[in-house]
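Q: Chain by chain, the residues run as shown.
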Amino acid sequence: MQKLAADLIALLGDKVVSTTAEDVAAHSGDKWFASSPPDVVVLPETTEQVSKLLRYANENKIPITPRGAGVGYVGGCVPLKGGIALSLMRMNRIKEINTQDGVAVVEPGVITGDLQRAARELGWFYPPDPASLNECSLGGNIATNAGGPRCLKYGVTKQYVLGLEVVMADGSIVRAGSRCHKNKTGFDLVALMVGSEGMLGVVTEATLRIIPHPPVRAMISAGFSSFAAAANAVQQILGNGFLPSALEIADKFTLRAAREYLGESVTPDGDAHLLVEIDGQPDSVDGEIAQISDLVDKLGCVCLERAIGDEACDRFWKLRREFSYSLRNTGLIKLNEDIVVPRSRLVDLVDFAEGLQAEFGFPVACFGHAGDGNIHVNIMVPNMDEPEIRERAEAALDRLFHQVLDWNGVVTGEHGIGIAKQRWWSDAVSETARSAHLAIKRALDPNGILNPGKFLA
Amino acid sequence: MNKAGPDFIAALQNLLGAKRVLVADEDLIPYSFDGTAALKQRPGAVVFPSSAQEVSGCVKLARQAEIPVVTRGSGTGLSGGSVPLEGCLVICLVKMDQIVEIDPKNLTLRAQCGAITKEIDDAAARAGLFYPPDPGSMKISTIGGNVAENSGGLRGLKYGVTRDYVMGMEVVLPDGQIVFLGNKCVKDVAGYSMKDLFIGSEGTLGIITEVLLKLLPRPKARRTMLALYDSMGAAAETISAIIAARIIPCTLEFLDRMTVKCVEDYAKIGLPTDVEALVLMETDGHPAVVEEEAARMSELARQCGAHDVRIAADEQEGAKLAAARRNAFSALARIRPTTILEDVTVPRSELARMVAFINESAARHRLQIGTFGHLGDGNLHPTFLTNERDKDEMHRVELALEEIVAETLRLGGTVTGEHGVGLAKKAFVKRQLGEGSYELMRSIKRALDPAGLLNPGKIFDLAD
Chain A
84 MQKLAADLIA LLGDKVVSTT AEDVAAHSGD KWFASSPPDV VVLPETTEQV
134 SKLLRYANEN KIPITPRGAG VGYVGGCVPL KGGIALSLMR MNRIKEINTQ
184 DGVAVVEPGV ITGDLQRAAR ELGWFYPPDP ASLNECSLGG NIATNAGGPR
234 CLKYGVTKQY VLGLEVVMAD GSIVRAGSRC HKNKTGFDLV ALMVGSEGML
284 GVVTEATLRI IPHPPVRAMI SAGFSSFAAA ANAVQQILGN GFLPSALEIA
334 DKFTLRAARE YLGESVTPDG DAHLLVEIDG QPDSVDGEIA QISDLVDKLG
384 CVCLERAIGD EACDRFWKLR REFSYSLRNT GLIKLNEDIV VPRSRLVDLV
434 DFAEGLQAEF GFPVACFGHA GDGNIHVNIM VPNMDEPEIR ERAEAALDRL
484 FHQVLDWNGV VTGEHGIGIA KQRWWSDAVS ETARSAHLAI KRALDPNGIL
534 NPGKFLA
Chain B
192 MNKAGPDFIA ALQNLLGAKR VLVADEDLIP YSFDGTAALK QRPGAVVFPS
242 SAQEVSGCVK LARQAEIPVV TRGSGTGLSG GSVPLEGCLV ICLVKMDQIV
292 EIDPKNLTLR AQCGAITKEI DDAAARAGLF YPPDPGSMKI STIGGNVAEN
342 SGGLRGLKYG VTRDYVMGME VVLPDGQIVF LGNKCVKDVA GYSMKDLFIG
392 SEGTLGIITE VLLKLLPRPK ARRTMLALYD SMGAAAETIS AIIAARIIPC
442 TLEFLDRMTV KCVEDYAKIG LPTDVEALVL METDGHPAVV EEEAARMSEL
492 ARQCGAHDVR IAADEQEGAK LAAARRNAFS ALARIRPTTI LEDVTVPRSE
542 LARMVAFINE SAARHRLQIG TFGHLGDGNL HPTFLTNERD KDEMHRVELA
592 LEEIVAETLR LGGTVTGEHG VGLAKKAFVK RQLGEGSYEL MRSIKRALDP
642 AGLLNPGKIF DLAD
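If you read the sequences in order, they're chains A and B. Quick note, the first sequence lines up with residues 84 to 540 if you use our numbering. Quick note, the second sequence lines up with residues 192 to 655 if you use our numbering.
Hints in this document: simulated from the structure, not taken from any laboratory. What you are looking at is a predicted structure, and each value in this text was computed from that prediction instead of being measured. Be a bit skeptical, because a hint or two may be false.
As the list claims (entries may be wrong) - Derived Cβ-Cβ restraints for the label pairs, each shown as a range:
#1 B:D366 x A:K381: 49 to 57 Å
#2 B:D505 x A:D393: 31 to 39 Å
#3 B:G603 x A:E514: 37 to 45 Å
Stated by the list, open to error - A few chain B residues that don't get close to chain A, going by computed Cβ distances all over 12 Å:
#4 L462
#5 H498
#6 A510
Stated by the list, open to error - Covered by chain A, according to a simulated footprint, are these stretches of chain B (three or more residues, beta-carbon under 8 Å):
#7 363-370
#8 403-415
#9 429-440
#10 532-543
#11 592-605
#12 612-624
A virtual CB, placed ideally from N, CA and C, is assigned to each residue, including glycine.
I would like the entire structure built from these sequences, with the hints used as guidance.
A: What follows is the structure, encoded as structure tokens:
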């Protein structure tokens, strides 16, 4: 271990290599509860350094776990096999924002929210907005193909990555894609890298697509007497030809927790809540939001509020985020599962969650992105230390994931597999597809040094 | 690798029945080429399977006999991607043409690979829905071919390309296994995005037998406009101005002087033939949005120097204006015996410069090149009007093409925005991708198709 650190210092200089207890602890895990210390932390500042590091690790078969800001929910950047934790957070420059070409060129350590703000100042827009946007890094977003509430209209991170500079396991530097908005020269290596959870290569630069910022937005916040009524409203809104930029739904348990935490007066009435956001040109936004209000009103909502303009909308979004904090405030551990079901199964899912609650004795809160069927099912457990509780929680998760898969849903819509969902990897993906994964992993990382011990172990 | 012999053909006939196996010389001719000029090779047999199981059966037989397999849809490709190898097996998928399901609740459509692109959008339209990708050949191209090539179209700027609409697919792998990748969920990050690897892989990694597509609510209104310019630079400026006004039109297409003239000669739409550039613009969506955006776009076009802007009064007139662009290729193709349609793409800001370069190159080499394409995404179609029998002229075509490719790459562009590499652009791939990307692609091919069975020699060679 001493030798490893000494070798790396000789290779890269002492400014970018650390073995202090503090650094090691800070690079042992993410937001999930698993943790495993690396032997050495490396914080490179250039692609060249990353390349040298990987060449060294590959030659000496040393495990290397790349990471961004470490705000993942599935333990994806936990250095399970020790070795090197490779943090890209010092490579944090926005190199270029070019509105003529509609691109931003960034290093992986740039915070997502910082890019959004920088683009916004020029009247442009980088849409992917995971909930952690003020903490998470773009490199992490790319490695996990992060989503967010605006995916229904704007898509996920993958749709915004035009080009990548990637350091491969053997240290070679590959430029995939370009700054062109259309490019189909050969296989889509960019799409292969996006969402590969640090197991195929290390992204050192990204060319991202940005789009003109819609000038105006408006929102509706509506309460319903039942989840089924709110889910029906989702179908009706889409069925009438509207494509909202966000459609967020929350269930009874979430609303109850919010009432406790925020108070009755602030929390909308009803046992289900729907948030609808529309953006675009001023006149059309005015027209569409009025039509959607009428529609939602006719469908029998129990309360309805409208917001026009950024400031008013931000207040609605703040409320939506407070829902999440309210759940935390219950004192329970939130096992936040980002499952996705085909949209037609929303009501079935919430009914199923109620059954789960009855069967396993844990409260279950559902809220999330109704528009794309990505619902965060939160199983609220007292702790994960007591074996009995942990087993019961895992049994509940088993039931949930198997049901979701039976409906042709997926076990992770935006968080990834990492360690947390490894147990369900072989249920979720067919044997043929898994062997194709392995064939690619072996071809690109024959020594298995990149993020070892994860779902392709 | 071998060529199809009598034993292999007998085994195919045993599997599919003699009617669905073509082996006679005269039957094989139509399957010797695709939409790409000057590329032809005779296959050993052409088969027409009607299910994924049958495709898998054919692949297994070919694997045993070590005979290369080339997959084919309607054969409208423009880079030689489905041109056979001498004596190979061609699996033609046009019989698998059913639209299997439309699911309005999840906004999805499931179709067999041989379904025609336009029929997919027509079926979606009957349910009030919309399948946006509209490659030029949409009336004859198959959806499987579109996915294998990741086809673009006229609406790419706002709606993206085929890739953006593929949620899942059934694929027959090189060892004959059948796998379904993807699902009806809008988000899915479980494992690598395997389906993305197959989209645009040009039949080199697997055979797509069924696709699950994303649909959108059908836009309620559409407005079409034509703007005429005295300079290409002014046309390109309009596009920047429109985007700076935060409008993303669904279509922003241009035709250069030469193309406009050919289109008018061919289609008699009533276009003036003395313009340097013609721009077709379309916006769609809710009626209020469309009115607002159309007014703003025509105003911006005038401000940027358009001397005439025509706004279609209704859908019918809109379709007539759009015909100018839809007819571009056919109009150019009738001028000379051979038409070579290129597909270079540059960052949007370099577009006017690239068009000027193409014109200079045409003059320098005494060639006729008409250029049209997608202004919004920088995707140009310089079209060489030439004669493949004239050796000297073909040599000059090669010189000009080489210059155009070099300039494209210098400007940070790509040699193919939507047609694919196939055979036609193979020579340029390594230069554009660089050693790293190129080797990476080859190692993926080796990992998934170790025997090199599927569409060998396309995109790249494995041994060099």
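Q: Which numbered hints does this structure break?
A: Checked against the structure, no hint fails, so every one of them is satisfied.
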